[in-house]
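**Q** Read in order, the letters of the sequence shown are residues 1 to 176 in my numbering.
No lab work stands behind these hints, which were simulated from the structure alone.
Since this is a predicted model, take the numbers as computed values, not measurements.
Even for Gly, the Cβ is constructed at its ideal location relative to N, Cα and C.
A portion of the hints provided could be inaccurate.
[Stated by the list, open to error] Cβ pair distances, simulated, as ranges:
id	residue 1	residue 2	range
1	L85	W117	18 to 28 angstroms
2	G43	A160	51 to 61 angstroms
3	W117	L82	18 to 28 angstroms
4	A154	D124	20 to 30 angstroms
5	A71	L17	50 to 60 angstroms
6	Q47	T18	13 to 23 angstroms
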Amino acid sequence: MIGAIVRAVLVAVIATLTLTATVQLSPTQRPLAVAIYLLVMGGVAVQLLLGWLRLAYPKPPASPFDTALAALPAPPRPPAELDRLARLLALSSASALHAHTRLRSELRPVAADRLRWSLAVDLDADPATARAVLGEVGWALLARDQRDLPEREAPGLSPAALAELVANLERIGEER
Numbered sequence: 001m002i003g004a005i006v007r008a009v010l011v012a013v014i015a016t017l018t019l020t021a022t023v024q025l026s027p028t029q030r031p032l033a034v035a036i037y038l039l040v041m042g043g044v045a046v047q048l049l050l051g052w053l054r055l056a057y058p059k060p061p062a063s064p065f066d067t068a069l070a071a072l073p074a075p076p077r078p079p080a081e082l083d084r085l086a087r088l089l090a091l092s093s094a095s096a097l098h099a100h101t102r103l104r105s106e107l108r109p110v111a112a113d114r115l116r117w118s119l120a121v122d123l124d125a126d127p128a129t130a131r132a133v134l135g136e137v138g139w140a141l142l143a144r145d146q147r148d149l150p151e152r153e154a155p156g157l158s159p160a161a162l163a164e165l166v167a168n169l170e171r172i173g174e175e176r
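Please put together the full structure from these sequences, using the hints given.
**A** Below, the structure is given as structure tokens:
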């Protein structure tokens, strides 16, 4: 607390000297200088009062509940890859161009591999079977020619369409 008092006195002395110099060198600025001086002195007084209040009423010790709550481990964060995929799906539902360029590049190899290994179906060579397995939404996204880009402002896939696409991809491995 002694350090706070010394700092307050030092600030008060500097403010008083600055006020005196300002009034002597520029008498037209006296009202502004006095207002600033009073503001600084009020800030010093508030700071001293807060320090005295902290001394008079110290912070109570932590309750057993607070101690137990602080001892709990933080909940585990989801893997970074899961966050990346969640952002990819959110952006794909907002923009058809993003769905076509980014989501398609992620899901096309997955769909091709699952079709090839589980059903012995080639995504490009056997389009009728692949279309039946992937569904219309999956086929429209994954089998479309890469040069056929949607408009930039076109809406993306709805969350229901994304859920259907993911469910169809997951079902491919189960159909043995």
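**Q** Against each hint, give a clear statement of whether it holds in the structure.
**A** Verification of the hints:
The hint said 18 to 28 angstroms for the Cβ distance between L85 and W117, and at roughly 22 angstroms that hint holds. For G43 and A160, the hinted distance range of 51 to 61 angstroms is satisfied, since their beta carbons lie about 59 angstroms from each other. Here the CB-CB span from W117 to L82 is close to 24 angstroms, well matched to the stated 18 to 28 angstroms. At about 25 angstroms, the beta-carbon gap between A154 and D124 stays in the expected band of 20 to 30 angstroms.
Taking the beta carbon of each, A71 and L17 are about 53 angstroms apart, inside 50 to 60 angstroms as hinted. Restraint check, Q47 to T18: a C-beta distance of roughly 18 angstroms satisfies the suggested window 13 to 23 angstroms.
The structure agrees with every numbered hint stated previously.
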